[in-house]
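Asker: With the sequences and hints as input, model every part of the structure.
2 protein chains.
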Amino acid sequence: MHHSISNSGLWGHLPHPYRARRQATGYTPVMNATNPSSVADLIIHPEWIVPVVPRGQVLTNHSVVVTDGCITGIVPSNEGQRIQAIEHLNLPSQALLPGLVNAHGHSAMTLLRGIADDAPLRTWLQDHIWPLEAAFVSETFVRDGTDLALLELVMGGTTTFSDMYFFPDVTAQRIDLAGLRAQLVFPVLDVATAWATDGEACLKKGLALRDEYRDHALIQIGIGAHSTYSVPETTLRKIATLLNELDAPLQIHLHETQAEITGALDTHGERPISFLNRLGLLGPRTQCVHMTALTDEDIDLLRSSNSHVIHCPRSNMKLASGVSPVDRLLKAGVNVALGTDGAASNNRLSMLGELQMAALLAKLESLEATALSATAALEVATLGGARALGIEATVGSIETGKAADLIALDLSQPHTQPLNNIVSQIVYASNGTELTHSWVAGQPLVRDGKPLTLAPAEISARAARWPEKFKAHKASIDPTGNHLS
Amino acid sequence: MHHSISNSGLWGHLPHPYRARRQATGYTPVMNATNPSSVADLIIHPEWIVPVVPRGQVLTNHSVVVTDGCITGIVPSNEGQRIQAIEHLNLPSQALLPGLVNAHGHSAMTLLRGIADDAPLRTWLQDHIWPLEAAFVSETFVRDGTDLALLELVMGGTTTFSDMYFFPDVTAQRIDLAGLRAQLVFPVLDVATAWATDGEACLKKGLALRDEYRDHALIQIGIGAHSTYSVPETTLRKIATLLNELDAPLQIHLHETQAEITGALDTHGERPISFLNRLGLLGPRTQCVHMTALTDEDIDLLRSSNSHVIHCPRSNMKLASGVSPVDRLLKAGVNVALGTDGAASNNRLSMLGELQMAALLAKLESLEATALSATAALEVATLGGARALGIEATVGSIETGKAADLIALDLSQPHTQPLNNIVSQIVYASNGTELTHSWVAGQPLVRDGKPLTLAPAEISARAARWPEKFKAHKASIDPTGNHLS
Numbered sequence: 001m002h003h004s005i006s007n008s009g010l011w012g013h014l015p016h017p018y019r020a021r022r023q024a025t026g027y028t029p030v031m032n033a034t035n036p037s038s039v040a041d042l043i044i045h046p047e048w049i050v051p052v053v054p055r056g057q058v059l060t061n062h063s064v065v066v067t068d069g070c071i072t073g074i075v076p077s078n079e080g081q082r083i084q085a086i087e088h089l090n091l092p093s094q095a096l097l098p099g100l101v102n103a104h105g106h107s108a109m110t111l112l113r114g115i116a117d118d119a120p121l122r123t124w125l126q127d128h129i130w131p132l133e134a135a136f137v138s139e140t141f142v143r144d145g146t147d148l149a150l151l152e153l154v155m156g157g158t159t160t161f162s163d164m165y166f167f168p169d170v171t172a173q174r175i176d177l178a179g180l181r182a183q184l185v186f187p188v189l190d191v192a193t194a195w196a197t198d199g200e201a202c203l204k205k206g207l208a209l210r211d212e213y214r215d216h217a218l219i220q221i222g223i224g225a226h227s228t229y230s231v232p233e234t235t236l237r238k239i240a241t242l243l244n245e246l247d248a249p250l251q252i253h254l255h256e257t258q259a260e261i262t263g264a265l266d267t268h269g270e271r272p273i274s275f276l277n278r279l280g281l282l283g284p285r286t287q288c289v290h291m292t293a294l295t296d297e298d299i300d301l302l303r304s305s306n307s308h309v310i311h312c313p314r315s316n317m318k319l320a321s322g323v324s325p326v327d328r329l330l331k332a333g334v335n336v337a338l339g340t341d342g343a344a345s346n347n348r349l350s351m352l353g354e355l356q357m358a359a360l361l362a363k364l365e366s367l368e369a370t371a372l373s374a375t376a377a378l379e380v381a382t383l384g385g386a387r388a389l390g391i392e393a394t395v396g397s398i399e400t401g402k403a404a405d406l407i408a409l410d411l412s413q414p415h416t417q418p419l420n421n422i423v424s425q426i427v428y429a430s431n432g433t434e435l436t437h438s439w440v441a442g443q444p445l446v447r448d449g450k451p452l453t454l455a456p457a458e459i460s461a462r463a464a465r466w467p468e469k470f471k472a473h474k475a476s477i478d479p480t481g482n483h484l485s
Numbered sequence: 001m002h003h004s005i006s007n008s009g010l011w012g013h014l015p016h017p018y019r020a021r022r023q024a025t026g027y028t029p030v031m032n033a034t035n036p037s038s039v040a041d042l043i044i045h046p047e048w049i050v051p052v053v054p055r056g057q058v059l060t061n062h063s064v065v066v067t068d069g070c071i072t073g074i075v076p077s078n079e080g081q082r083i084q085a086i087e088h089l090n091l092p093s094q095a096l097l098p099g100l101v102n103a104h105g106h107s108a109m110t111l112l113r114g115i116a117d118d119a120p121l122r123t124w125l126q127d128h129i130w131p132l133e134a135a136f137v138s139e140t141f142v143r144d145g146t147d148l149a150l151l152e153l154v155m156g157g158t159t160t161f162s163d164m165y166f167f168p169d170v171t172a173q174r175i176d177l178a179g180l181r182a183q184l185v186f187p188v189l190d191v192a193t194a195w196a197t198d199g200e201a202c203l204k205k206g207l208a209l210r211d212e213y214r215d216h217a218l219i220q221i222g223i224g225a226h227s228t229y230s231v232p233e234t235t236l237r238k239i240a241t242l243l244n245e246l247d248a249p250l251q252i253h254l255h256e257t258q259a260e261i262t263g264a265l266d267t268h269g270e271r272p273i274s275f276l277n278r279l280g281l282l283g284p285r286t287q288c289v290h291m292t293a294l295t296d297e298d299i300d301l302l303r304s305s306n307s308h309v310i311h312c313p314r315s316n317m318k319l320a321s322g323v324s325p326v327d328r329l330l331k332a333g334v335n336v337a338l339g340t341d342g343a344a345s346n347n348r349l350s351m352l353g354e355l356q357m358a359a360l361l362a363k364l365e366s367l368e369a370t371a372l373s374a375t376a377a378l379e380v381a382t383l384g385g386a387r388a389l390g391i392e393a394t395v396g397s398i399e400t401g402k403a404a405d406l407i408a409l410d411l412s413q414p415h416t417q418p419l420n421n422i423v424s425q426i427v428y429a430s431n432g433t434e435l436t437h438s439w440v441a442g443q444p445l446v447r448d449g450k451p452l453t454l455a456p457a458e459i460s461a462r463a464a465r466w467p468e469k470f471k472a473h474k475a476s477i478d479p480t481g482n483h484l485s
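Just so you know, the sequences run in chain order A and B. If you're matching positions, the first sequence starts at 1 in this note's numbering and goes up one per residue. If you're matching positions, the second sequence starts at 1 in this note's numbering and goes up one per residue.
Honestly, the hints are just simulated from the structure, not real lab data. Incorrect hints may have been included.
A pair counts as met if it fits within one copy or between any two copies, since identical chains are not told apart.
Stated by the list, open to error - As a list, the in silico SDA-like pairs of lysine to any residue whose alpha-carbon atoms are at most 20 angstroms apart:
1) 450 / 412
2) 469 / 455
3) 205 / 238
4) 471 / 230
5) 205 / 247
6) 238 / 327
7) 204 / 447
8) 471 / 47
9) 469 / 194
10) 450 / 410
11) 471 / 280
12) 450 / 413
13) 238 / 191
14) 471 / 56
15) 471 / 419
16) 238 / 469
17) 331 / 367
18) 469 / 128
19) 450 / 411
20) 450 / 237
21) 205 / 189
22) 204 / 214
23) 204 / 464
Answerer: Below you can see the structure in the form of structure tokens.
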């Protein structure tokens, strides 16, 4: 065991900035902002609040009260100014939003960003990504890649994310250090990797990790079955049994391409989602990633089982996989979340960029300009993600009683001017660099545009050591240099 | 006449920074870097050069020599270091590229950014945009909107752009002040506007402007017929006659939606491109903007006439218009350029963002991950645009003898790390904010991330005055507030 897990509650092992100040000053925390004599941790006074719930609302002249990691009030500014608090923070050109939920990724793969582009999914995986992973994946690879990913995720507005990758124990450590909220779905596939020898070993190691993180307030561990084509039926049946016992989330790549569907029809005589349904693997804790090329029957199965769809628009575009019919899914009552996927297939990890893409692509896919409006896209990227991860009681909107997972976006730059419509400027005009502040459970991750828990220069320097290793390896296996693009 | 046009040659009326220094020092400019005793204006030493021509090349350890606004050499760095020059500029974390060519836009419309989203083209135009334009378009509107657009264009890597909007005389003034290279296509449509009473008046005013700018080195004036559905056949025939006389460029919105094509079939019994062809309006100076829903016959007409396609992927997505089959067009030998369109339908004016979108969308449209590779996307956004505008002898690539229209992109930020592939990181991983330097004809527009010819605070302040005017107008015509979204 290389790592230690904190028992300090909501904030992992990070020092709690307000708790320390409380101890120094003798303040007593309170959970109710309606008591004006009480002392809050933080009162945020943004120019606008986009709470996501109620849908479509944009508040001005309001303040958000944060106490002990929770939102304990949303009050008129003149009232907010009078509440005693350890800190009052004015954000005069910013909109305050719930933190974005990035529901699918492989964060360590940032190290492979740009290493193999312009290739279809199967070629990309089998000829490029898997051979490199076989040669390089290690605890160090996962540490360096995850840190680089976390930095980009945080600066792009993500406060909660889901990760599926080898050495999830290392990923968990890095997330705990960085202070994000996360779901880690440990990968299950029947291929020997540096992390585990086969599907059985994946499950054993992953379940041990789940036990270890049982009481962590910000990190939950679930099962990440890679796909129906890479995990044998016997292993999928074992997972079904486990899920019944554990009430754990399951995430799986499903219907990523038409070729996957055709392959499944050839192999089992069923579409992948029907196959999963027959094995008892669909349900309210099942997160189906990608879901392109859907029939009405596929959508019925998603709805009747209360399974979730994780839409990854940029990855689907870049690999020419297809496109998930988000507008139809939402109209059918299926919950949709949003994910960046990994940087080897995106190649960005910006949730602000991703939600913009989702809104644009939904219109093209449905040929309806009304599809996935700015408001709807923002809901998918926040509450939709929270629902998919089963944490909608805690995150996904700015509501009293929820955790203080918040982001502030500066709308004063020329590219978001003039401010005809706040939500539109965020969704359609942002370039993904508007973030100035970010909090998870009241813990600040970014302040005035500077990350507090991640060190950019050191992280970039560690990442920069990898390309020459990849190049030397490529040269050694293919002296013509033609093996990888 | 409010404005004066400079006769100072390549740089409009801006003071030429090197010319002034030459006068102070008595240096004699030379046009040939191979003469080591000569004195150049500027030697740029970037970490990488992506010259676009030859295709796929990335140079390291090379320098670019700039003299009198032109690229006068691309030489090994050790040689470049020894060339006498007024300035040597080291760009140790930057890639130097040809400036991006944004081949279609309506820059004044930035003031309408976000004012009407999530509506299809016809509704968006007829119920939202045209009524607002009827109420507000003026010289002041065009000045304020154009300046805001120019700032965003320049900071996103555009050095040449094409504009189609009312009061093109005002647009020309603002561009001349800002120092970009531009094609202005004056709008021709048979609707009374604040600028012109009808199609005839548009032509008269536009041709006078063309005369006025005949000798301007950076600005050329062409004809912007709005579309086949908004310009009567008689006016289009007049334009055909004029084009024969003038050798001027023609830009037209064409095949923007399937509805436009269906409408043309109902009206003339022909698809819009066949209609244009019959009127003699297709040719090597014809720029067809949008071009969705193409048949093989449409593509044959484009190729045989040597007409150009201006692809506007984000605008087409946002308005649910459709998608231009860029991969098929390029394979058929049709030149493709790229445009952002206006900020009311995009809502961004970042060419770095637009070329990223073009590369991603081409893969989805063709379901081929090899479609519009990173290298091909960069060529479309540079040389493709230059060809469309008829200025490929001057701009579009870093080649000795071309104008020094250059941009430098900083690749040291975490989101472009690690540097497995320079062109991939620029095309797929950039967020559009990497620009640190920009030059047009050797004139610096941006230095160290700061615009030199545009004042962000003043421009934003002028733009910020408009939303309340729009709101008051909306309230006056529709007290329920339901007229505009």
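Asker: Indicate, hint by hint, whether the structure satisfies it.
Answerer: Hint-by-hint comparison with the structure:
1. 450 / 412: Both ways: residue 450 and residue 412 sit 18 angstroms apart in one copy and 16 angstroms across, limit 20 angstroms.
2. 469 / 455: neither (23 angstroms within a copy, 45 angstroms between copies)
3. 205 / 238: within (15 angstroms within a copy, 77 angstroms between copies)
4. 471 / 230: The answer is neither: 28 angstroms in one copy and 56 angstroms across copies each exceed 20 angstroms.
5. 205 / 247: Result: close within a single copy only, 18 angstroms intra versus 72 angstroms inter.
6. 238 / 327: Classified as neither: same-chain Cα gap 34 angstroms, cross-chain 45 angstroms, threshold 20 angstroms.
7. 204 / 447: The answer is neither: 40 angstroms in one copy and 56 angstroms across copies each exceed 20 angstroms.
8. 471 / 47: between (49 angstroms within a copy, 19 angstroms between copies)
9. 469 / 194: Answer is within: at 17 angstroms inside a copy they meet the 20 angstroms cutoff, but 63 angstroms across does not.
10. 450 / 410: Both. Shortest intra-copy (13 angstroms) and inter-copy (19 angstroms) distances satisfy the 20 angstroms Cα cut-off.
11. 471 / 280: So residue 471 and residue 280 fail the 20 angstroms test inside a copy (44 angstroms) and across (54 angstroms) alike.
12. 450 / 413: both (17 angstroms within a copy, 13 angstroms between copies)
13. 238 / 191: For residue 238 and residue 191, the Cα distance is within 20 angstroms only inside one copy (17 angstroms; across copies 70 angstroms).
14. 471 / 56: This pair counts as between: shortest inter-copy Cα distance 18 angstroms, intra-copy 50 angstroms.
15. 471 / 419: between (47 angstroms within a copy, 11 angstroms between copies)
16. 238 / 469: neither (38 angstroms within a copy, 64 angstroms between copies)
17. 331 / 367: Classified as within; 15 angstroms inside a copy, 26 angstroms across copies.
18. 469 / 128: Close inside one copy (15 angstroms), not across copies (55 angstroms); limit 20 angstroms.
19. 450 / 411: For residue 450 and residue 411, the Cα distance is within 20 angstroms both inside one copy (17 angstroms) and across copies (19 angstroms).
20. 450 / 237: For residue 450 and residue 237, the Cα distance exceeds 20 angstroms both inside one copy (46 angstroms) and across copies (59 angstroms).
21. 205 / 189: within (13 angstroms within a copy, 69 angstroms between copies)
22. 204 / 214: within (15 angstroms within a copy, 76 angstroms between copies)
23. 204 / 464: For residue 204 and residue 464, the Cα distance exceeds 20 angstroms both inside one copy (34 angstroms) and across copies (59 angstroms).
Against the hints set out earlier in the document, violations occur for numbers 2, 4, 6, 7, 11, 16, 20, 23.
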